[in-house]
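4 protein chains.
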Amino acid sequence: MTLKMTKDEVSALLDEVFPQIHEGGRCYSIDWIESGETQMRLKADNRHLRPGGTVSGPSMMALADLAAYVIILAELGPVALAVTTNLNINFLNKPGPGDLLGHCKILKKGKRLVVVDVGIRSEGQEALVAHATATYSIPPQ
Amino acid sequence: MTLKMTKDEVSALLDEVFPQIHEGGRCYSIDWIESGETQMRLKADNRHLRPGGTVSGPSMMALADLAAYVIILAELGPVALAVTTNLNINFLNKPGPGDLLGHCKILKKGKRLVVVDVGIRSEGQEALVAHATATYSIPPQ
Amino acid sequence: MTLKMTKDEVSALLDEVFPQIHEGGRCYSIDWIESGETQMRLKADNRHLRPGGTVSGPSMMALADLAAYVIILAELGPVALAVTTNLNINFLNKPGPGDLLGHCKILKKGKRLVVVDVGIRSEGQEALVAHATATYSIPPQ
Amino acid sequence: MTLKMTKDEVSALLDEVFPQIHEGGRCYSIDWIESGETQMRLKADNRHLRPGGTVSGPSMMALADLAAYVIILAELGPVALAVTTNLNINFLNKPGPGDLLGHCKILKKGKRLVVVDVGIRSEGQEALVAHATATYSIPPQ
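Protein chains in written order, with the numbering used here: chain H, -4 to 136; chain F, -4 to 136; chain S, -4 to 136; chain B, -4 to 136.
In short, the hints are calculated from the structure, not lab data. In this text the structure is predicted, and so the values were computed from the model without any measurement. Treat each hint with caution, since some may be false.
For chains that are exact copies, the list does not tell them apart, and a pair is met inside one copy or across any two.
Claimed, not checked - Each computed DMTMM-like pair below joins lysine to aspartate or glutamate, with the alpha-carbon atoms no more than 25 Å apart: (1) Lys104 with Glu4; (2) Lys89 with Asp10; (3) Lys89 with Glu70; (4) Lys(-1) with Glu121.
Input sequences plus hints: build the corresponding full structure.
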């Protein structure tokens, strides 16, 4: 299966339509995109931290949501205006220092709904710090 | 039942331990706290907006998470270092212009887990724009 | 707003299309249906019980799912073949003896998705034993 | 890591404490247990079916919940009286004929909370029919 958009194309589109995610400094970036999978990176700075140096829950939710958006754009192309309908996240372990990586896989790619699975880890570590599943509604094209 | 902390005390504590939520300008505030319930307000600005003037999903997740944190502090007092373990959110309708209000109610106040329900509306409107449930783990005191 | 089906009509339709829910003896029934709300009853018997006389989690999930199905039929009529796409449930307190009541309210009634909220209590008790939210996909008519 | 209970021991314990899951005929069984993972099988019969020959949502929720219970028993031993606190399930594709397999993996094994991931497939098929995550509270031993 061929992707509809490359990593650079998705990245440029995000910059254009979601400039707010970079407000206060660029922190989210795409590591790679493959068929049905992507990895996003959060270079956490002061905005995302909580007491004790841990990354905030909402920053991880944003990472999961953004990773999902990226793989949907890559798979469906820029025509898709996917809307998040449900997001469920379990926080498992305190993230350590270093970047957070969100690994997103498509569980179902339907005509109306796309469901994804996102595992979040601190770079270089095996244990998950959080795990999310999310559903996106794809408007009629 | 008497609350362990007033609205002003919780607000001051948030400013102290979570200064990051105000980075880029103060936008989250507490409207009121009652027994088992609170209402938080998000005065959305450019950081929270998405194309079409709608408020971003992660901003609403942060509002729900923060409202839960507020009612737990008010109920359990500043000793509690509650940790979010699960958050599930359904996005229901596009928010209109104006502030978002998150109305949080405690569903269960256990010794180890607190579960809350959060309904999010645009101010002055009846329809929910999002609905979340979340679980917090309360460490042994 | 007028309902498309009465309680008796929905009940008869369930008997016809879901006879399996009554296999081993009738235990689920509809208490009432109003605009956007319904209450289902589970008269738990040996099939639903767990050690200590408590009702099993899957029995409560089935009660929540069925209550949602009932209000969707009542609101949309028998043409709707709604499909559950997501169900999230928090188990809050051990149910006591006696029937379980599932109070289901529609949170969003969209053209493609219906989202509901279900609170489950032991009859005559205030405290929730479980709380669920669920999403149903409505096929094109 | 060594498991605290074998497949046969867990199976015997389930028969003893959860005889109700076999009421109306034995349908759930354990395929295998490994470190942190198990596979449960649902041999669906008339009780679990819905119009069109599809397996009911609550039957899949029960499969997910039971698989989680099995791996927790195997990992923690019979002293554990784990209680389900949260279950989130996405229904992805209609199951075909044949047995359903629930593949359960531990995402986090904490002292107080265990979080699992369960993928459900029709035997011999690649596509997931459902995906669940669930949290269990482990009482103090």
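Go through the copies and call it for Lys(-1) and Glu121: within, between, both or neither, with a Cα cutoff of 25 Å.
between (31 Å within a copy, 24 Å between copies)
Have a look at Lys104 and Glu4 and pick one of within, between, both or neither, based on CA distance no larger than 25 Å.
Within one copy only: 21 Å inside, 36 Å across.
One pair to classify: Lys89 and Asp10, alpha carbons no more than 25 Å apart. Within, between, both, or neither?
between (30 Å within a copy, 22 Å between copies)
My question is about Lys89 and Glu70: at a cut-off of 25 Å on alpha-carbon distance, are they close within one copy, between copies, both, or neither?
For Lys89 and Glu70, only the inter-copy Cα distance (23 Å) is at most 25 Å; the intra-copy one is 32 Å.
Consistency with the previously given hints is maintained throughout, with no hint failing.
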